Amino acid sequence: MLAKKYRSRIVSIKNPIEGIYTIEFESLGRGYKFYPGQFLHLAIDNTYDGVGQWPESRCFSMRSNPDEENIRITYAVKGKFTTQMKETMEEGDKVWLKLPYGDLFIQDHNKEEPVFIAGGTGITPFLSLFAHESFREYTNPKIYLGFRSVNHHIYQEELANAKNPAKTVEIYYQDSDGLIDIDRVFSENGLTNDYFISGPPGMISAFTNTLVEKGVPETNVITDDWV
Amino acid sequence: MGKEKELRQEIIDLTIKYYHEKFGGNKFIPGKSKVNYAGRVFDEQELINTVNSSLDFWLTEGRYAEEFSFDIADYLEVDNVLLTNSGSSANLLAFSALTSEKLGNNRLQPGDEVISVAAGFPATVTPIILYGLIPVFVDVDIPTYNIDVEMMRQAITPKTKCIFLAHTLGNPFDIDAVMEMANEYNLWVIEDNCDAFGSEYEGQKTGSFGHLSTISFYPAHHITTGEGGAICTGDPQLAQLVRAFRDWGRDCYCAGGENNTCGKRFAQQFGDLPFGFDHKYVYSEIGYNLKMTDIQAAIGAAQIKKLPVFCENRKENFRKWKGIFSKFPEYFIVPKATEKADPAWFAFIVTLTEDAPFTRDQLTAYLNHELIETRNLFAGNITKQPAFIGKKWRLADHLNNTDYIMNNTFFLGTYPGLKDEMFEYSEQVINSFISDYTS
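Protein sequence lines, in the order shown, are assigned to chains C and B. Per this note's numbering, the first sequence starts with residue 1, numbered consecutively. Per this note's numbering, the second sequence starts with residue 1001, numbered consecutively.
A few of these clues could be false.
What the hints assert, rightly or not - List of simulated lysine-lysine pairs, DSSO-like, C-alpha gap at most 30 Å:
| hint | chain 1 | residue 1 | chain 2 | residue 2 |
| --- | --- | --- | --- | --- |
| 1 | B | K1003 | C | K214 |
| 2 | C | K5 | B | K1306 |
| 3 | C | K33 | B | K1280 |
| 4 | B | K1003 | C | K5 |
| 5 | B | K1280 | C | K80 |
| 6 | B | K1022 | B | K1034 |
To be verified - Label-pair distances were calculated between CB atoms; the ranges are:
| hint | chain 1 | residue 1 | chain 2 | residue 2 | range |
| --- | --- | --- | --- | --- | --- |
| 7 | C | T168 | B | E1150 | 33 to 41 Å |
| 8 | B | P1122 | C | L28 | 32 to 40 Å |
| 9 | C | Y173 | B | G1104 | 39 to 47 Å |
| 10 | B | E1077 | C | E90 | 32 to 40 Å |
These are computed hints drawn from the structure, not numbers from a lab. All of these numbers come straight from a predicted model, not from anything done at the bench. Glycine is no exception: its CB is placed at the ideal position from the N, C-alpha and C atoms.
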């Protein structure tokens, strides 16, 4: 699917826990089109008229699934752009979105016993798949999630409603359980599964290296990262 | 309003005046004006869009390309539409995409066979030959002028990997039969929809059935951008491959003027390049540069809004020609829509019966002399064309109907620019010709 600019309105901004925001957008024109796991570019430059050079923007995974009318993203305030988002964006504001991008679940992959590993807001591209009918095509998916604390796990409802009843979910809370134990994840799975990893760059890099060192082919480690 | 916007509005207002002055009143004079087989049909909006696009001066794909491609996607109900500079380029790109190594064992390779027909336009066949594959020509049916599906089944061998067919002059081929065979034998299907944009089969638009389909926007076609074409697919991987082949073979899918939309521009490993080599300059296919400009797309963005009306006009004009030629069943075989199809006819195709007391060439020479334009069914039998003699192709069986079409068939226009008085004039001319031969 090819990227398109969408003039959009902010329907709601939620701040369930300090530093984490969820924004819902509605399109002011054509309906959004994307596949699960894809991401968008958000521009908050009010001078952009939709015609000339695309302004400064930042990537965000779509948390909502393609069957929903509106799009939701969840972000952690970490740098200049997200700080500006936190400080300037208000409900009712108009912004430009450009989507879809990325091929996380479009590229060839093995749907037999896949492993999904996410840290923090890195769960969002996975949620887009979990809530979509296509998630039923995966056999015995295993999901490993890491959050700073139980309060940072704001995705219970979506996980409970995931479309694949065969899924198993294991959650690590950093303040009580420590980080996701990638050695254990590997031992519970194996060399032939596909591993999807999304989260902080350091986590993605470390987990990828560990899995590859253990003999998982590089092509079986599929990451959702941008730098 | 800012000065720039004021000036733009002034230019647009003048453009509208210019349109009415220049193109506003064309009167048909029987015997002096031509009855063209095709032509541009447009109003002030096409000129306004062209001028607006020129004033944007974005040039490469921009806001109009986006609007146009998404309007096509909505119309056909497909996910991906890529614009290109002609229908022939669209065919080349659709075929090229299927040769990509990224498709693994499913890719088309030299020596593989591709089912097609010889009674058609070269652009459906040339990509097959250019990539070293073997076109296998199957005869067509008269009066649908589409592939004979029973002969097609006989033509399939273990070497067959793809079906590449046009919906002849807007008349859909037997899509149920073709798709059933494609599924049974795991074959790729490319629908050459260049002459059929707006045709339907079982209520679904042609161009939305195959793995890939193509459209032409040459002025003779259902809508125009001057030169122009598009490739449509519901498969995101094929869409990326088409884009790569269209855009120099590059791996990166950023549009012109965009950078690092993937967020990994300097953080990936490709081929034997050093890690982090700029993704914008990584080439994963042997590609071309066949993109459309935004000025062309601006015309298309106005044209596509007229497409439903144009298609109805074409169907109505088809009925008018049919009324004229059906009066002489002893001389003419009139075309027939494929079962379950509702064609937005590109043209009205006529074949002379064996009993006709005149030849096709005598009739078409007369009609053209009387300023009624005709065309033959493109290449006739393409295997007889100079460029195709000596090339590698295979005949599935005989091409009896194809040869008959080469010698006895022609078509007239159905384009929306035809007026009632043109049909009245044409009917008089045809009646007069027949009366000369039969009295």
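Here's how the hints hold up against the structure:
1. B:K1003 <-> C:K214: violated, 66 Å
2. C:K5 <-> B:K1306: The given pair, whose Cα atoms are some 24 Å apart, holds under the 30 Å limit.
3. C:K33 <-> B:K1280: Cα-Cα ~25 Å, so holds.
4. B:K1003 <-> C:K5: With a Cα-Cα distance of about 27 Å, the restraint between K1003 of chain B and K5 of chain C holds, given a limit of 30 Å.
5. B:K1280 <-> C:K80: Holds, at about 26 Å.
6. B:K1022 <-> B:K1034: holds, 18 Å
7. C:T168 <-> B:E1150: 33 to 41 Å: About 53 Å separates the Cβ atoms of T168 of chain C and E1150 of chain B, which means 33 to 41 Å is violated.
8. B:P1122 <-> C:L28: 32 to 40 Å: Distance hint for P1122 of chain B, L28 of chain C is violated at roughly 45 Å.
9. C:Y173 <-> B:G1104: 39 to 47 Å: Given about 42 Å between the Cβ atoms, the range holds.
10. B:E1077 <-> C:E90: 32 to 40 Å: holds, 36 Å
Of the hints listed earlier, those the structure fails to meet are numbers 1, 7, 8, in rising order.
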